[in-house]
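K.L.:
The lines below spell out each chain.
Number of protein chains: 2
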Amino acid sequence: MAGRGGQLTLRLWPLEGIPEVRRGDDLPQLLARAASEQGVEAGDVLIVAHKVVSKSEGRVVALDEVEPGPAARRLADETGKPPELCELILAESARIVRRRGGTLICETHHGFVCANAGIDRSNVVEGLALLLPVDPDASARRIQAALSARLGGRVGVVVTDTHGRAFRRGLVNVAIGVAGFEPVIDRRGGRDREGRILVATDQALADELAAASGVHMGKDSGTPAIAARGVATIPAPGTARDLVRAPEHDLFRGDDAPA
Amino acid sequence: MAGRGGQLTLRLWPLEGIPEVRRGDDLPQLLARAASEQGVEAGDVLIVAHKVVSKSEGRVVALDEVEPGPAARRLADETGKPPELCELILAESARIVRRRGGTLICETHHGFVCANAGIDRSNVVEGLALLLPVDPDASARRIQAALSARLGGRVGVVVTDTHGRAFRRGLVNVAIGVAGFEPVIDRRGGRDREGRILVATDQALADELAAASGVHMGKDSGTPAIAARGVATIPAPGTARDLVRAPEHDLFRGDDAPA
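Chains E and C, in that order, are what the protein sequence lines are. Sequential numbering from 1 applies to the first sequence in the working numbering. Sequential numbering from 260 applies to the second sequence in the working numbering.
Calculated from the structure, these hints are not laboratory results. Some hints here could point you the wrong way.
Cβ-Cβ distance ranges computed for the label pairs, FRET-style [unchecked claim]: (1) C:A404 to E:P247: 40 to 48 Å; (2) E:A42 to C:P278: 33 to 41 Å; (3) E:E20 to C:A491: 23 to 31 Å.
Ideal Cβ placement from N, Cα and C applies to all residues, glycine included.
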């Protein structure tokens, strides 16, 4: 049972008692207080659903206050989505990557590729739309600063969104903001058990943690933050941009002809 | 600290003491013995890297015993890969989904979309190639049967592979074989906190667990199995086919023109 209680165990537990978050709430302090009361320590990682980040940062839009332009109206006709929502999707997108029927896969201004530019209408009041944070890395850094100050040491932070995937059914959480650690661990040049040099083993640690947080968050969309212990993180400023595949290295973002 | 020790904590720990696996080894019994000695209980999930499954099932090929045909030789010329490897890739592929330079994204006969049809040359002896199990669900079922018999109750099993992703850098583990639980939890028709009906919330639980296992496996490719506790699984026969997006619902597999 050496692994069960020891250093090798990875533990994730939900932070409890985070109130319903509203615009202007000091989310970093709310999280830092709950984390401190619930045993989070230096060296841990806190994984935060972007919904509370977006709400605290005022990234909530009333659809009936949106004035759709001609492009949004055309897109609404083509997709069956409300024109106001299409206006928001276009504003949040650098470009539309794929479209079929009512499904829009967009590249956001951050470089993330996801449905509807990450705009969410579930878990918000009818008639409202929730946008992604303007700069999720900056949001993560603010949370990290509050946690690290209160807990007296480095706590990593991941801000997550829930994405569909090419080729695979079902949604998983991914990292859209990172602070305090290297989100991708580059193991190239290391050696495997047989002594072969590893050539392609970038480990997407922040996405692994985001996905793991979904085991809890999926059960209850009221769980906005998960603490993780037992992760060997590499201290660094951190940025989720490291998790974005550069378009020139991406075989699916552009208009590559299929093989 | 209610969550830390309680039912809500998700715990993952590596099974230790699994010997180097060879063709013909009774992997289900090896795993069941280690699991029983290391505290795995009914209700837990065991996450197993396919490498040990493939090795035990004899899915190891000596490249110098492969006779490349004309298509493999052409592909070798175009990609710079050894013709023998190209022959294996073509044999393991239903089709090539994308190709650029030396990168081949293939759809395997199982329906998984991954680089080189899942054929791995790291962590195996030079000159050998490791193929995916022929039927990873069946492999998972055999492991599940051995675990459940020894532990006296249902233990879920996930067999994993390590995949790259469209749009995102870094590798994550995904489920290629599942037994004993529903790998995708369909929450459509449920309601969120605000009472809105959820429309798109299929949770890819088996992939979440696979990704979480990578936090350990990534550190040490000698860690073939991770136990997980605290997962609310839904009992079912289970199959990783549920995680494969049907090609007709996939915007990236086929030759859809970009938007």
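K.L.:
Hint by hint, note whether the structure agrees.
P.N.:
Against the structure, the hints come out as follows:
The given range of 40 to 48 Å is respected by A404 of chain C and P247 of chain E, whose C-beta atoms sit roughly 46 Å from each other. About 37 Å separates the C-beta atoms of A42 of chain E and P278 of chain C, a value consistent with the hinted range of 33 to 41 Å. Remark: the range hint 23 to 31 Å for E20 of chain E to A491 of chain C is upheld by a beta-carbon distance near 24 Å.
The structure agrees with every numbered hint stated previously.
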